[in-house]
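Undergrad: As given, the protein sequences belong to chains A and B, one line each in that order.
Here my numbering is used: the first sequence runs in plain steps of one and ends on residue 178.
Here my numbering is used: the second sequence runs in plain steps of one and ends on residue 178.
Just so you know, the hints here were simulated from the structure itself, not pulled from any lab data.
The hints are all genuine.
Identical copies look the same in the list; a pair holds intra-copy or inter-copy alike.
Calculated cross-link-like contacts (lysine-lysine; reagent style DSS-like; alpha-carbon spacing at most 30 Å):
1. K136 <-> K125
2. K159 <-> K175
3. K175 <-> K141
4. K61 <-> K111
5. K175 <-> K68
6. K68 <-> K116
7. K111 <-> K136
So you can see what is in the structure, the chains are spelled out below.
Number of protein chains: 2
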Amino acid sequence: MNVSGSRFSQCLYFSSNALARKIEKLAVENWKPVGLSPSHGYLLMTVIDEPGIQPGLLAEHLQLQPSTITRLIEKLEEKKLVVRTTEGKVTNVYPTPKAKELYPKMQTCIGNFYREHTTLMGKEESRKIVQVLNKAADKLVD
Amino acid sequence: MNVSGSRFSQCLYFSSNALARKIEKLAVENWKPVGLSPSHGYLLMTVIDEPGIQPGLLAEHLQLQPSTITRLIEKLEEKKLVVRTTEGKVTNVYPTPKAKELYPKMQTCIGNFYREHTTLMGKEESRKIVQVLNKAADKLVD
DNA sequence: ACTTTATATTTGTATATACAAATAAAATTA
DNA sequence: TAATTTTATTTGTATATACAAATATAAAGT
Numbered sequence: 037m038n039v040s041g042s043r044f045s046q047c048l049y050f051s052s053n054a055l056a057r058k059i060e061k062l063a064v065e066n067w068k069p070v071g072l073s074p075s076h077g078y079l080l081m082t083v084i085d086e087p088g089i090q091p092g093l094l095a096e097h098l099q100l101q102p103s104t105i106t107r108l109i110e111k112l113e114e115k116k117l118v119v120r121t122t123e124g125k126v127t128n129v130y131p132t133p134k135a136k137e138l139y140p141k142m143q144t145c146i147g148n149f150y151r152e153h154t155t156l157m158g159k160e161e162s163r164k165i166v167q168v169l170n171k172a173a174d175k176l177v178d
Numbered sequence: 037m038n039v040s041g042s043r044f045s046q047c048l049y050f051s052s053n054a055l056a057r058k059i060e061k062l063a064v065e066n067w068k069p070v071g072l073s074p075s076h077g078y079l080l081m082t083v084i085d086e087p088g089i090q091p092g093l094l095a096e097h098l099q100l101q102p103s104t105i106t107r108l109i110e111k112l113e114e115k116k117l118v119v120r121t122t123e124g125k126v127t128n129v130y131p132t133p134k135a136k137e138l139y140p141k142m143q144t145c146i147g148n149f150y151r152e153h154t155t156l157m158g159k160e161e162s163r164k165i166v167q168v169l170n171k172a173a174d175k176l177v178d
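With the hints as constraints, model all of the structure from the sequences given.
TA: Pasting the structure below:
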């Protein structure tokens, strides 16, 4: 049974979650070559692009709670991909050389993911979906 | 910062997850009056509508893994809202009278949730979003 | 200067969800 | 009918995510 066939297909909660899970799966698959989950990957790329970025800003970029960011950073620290320095109430996150080496591979992951979902759904359709999703999310309160 | 403002707003993984989390939040809020999470609620309503339904079918209806269904049922069993009977390899799930009493309240939760998100996003827009989400999900493999 | 309030981050705890393996029964095949 | 394969469900374990409370610092107000 596909999503449209479900008795809940007209429910926004159901549809958005079902889609997100499917896309998550696709993304996870594509990120396996670097041994990171998509969220760890996107966080790490952000840290590489903005060395010294603070957890609070990462939370905004990734639209996740600060506590979730802390947890993601902990994992990346264990893997020696980032380091944290804390001064006062401010924490800065920096990429390690090992992380920087990984950057091209991560770009490939994103590229492959993009290629896969556009192949499945069509390039134009994919673009439209993202637009609709963003528009909807912007209207919902935080 | 809203979703569109994020550096990842053009990424399908990011957008679909961000939207799903926001909608989840709204749904959780609206389901609080009955003391259930949305997924428990939808599962329970399905069991009431189809008494004796098997976990495998529930998994299809809700587009969740069978193991997840087992876990959801366990919770509802603890709360004395469903009972399970197993014969051979087949399990049947039945609602308790307590669950049936809750049905109107659950309908109200769904109604309120619907009212809230259509108020925020517009009725026509909401309908369109659901349609786009389903269409996209159907194109992604399971 | 002292007190209060606001901000940034982390911790403790709880959640839903999934995968892979285990179990057990039924269906099929030889 | 015995052996094999398929099907239904559960269990063990791991994950990302969140909320609420705790911590600690900085900023603002008096």
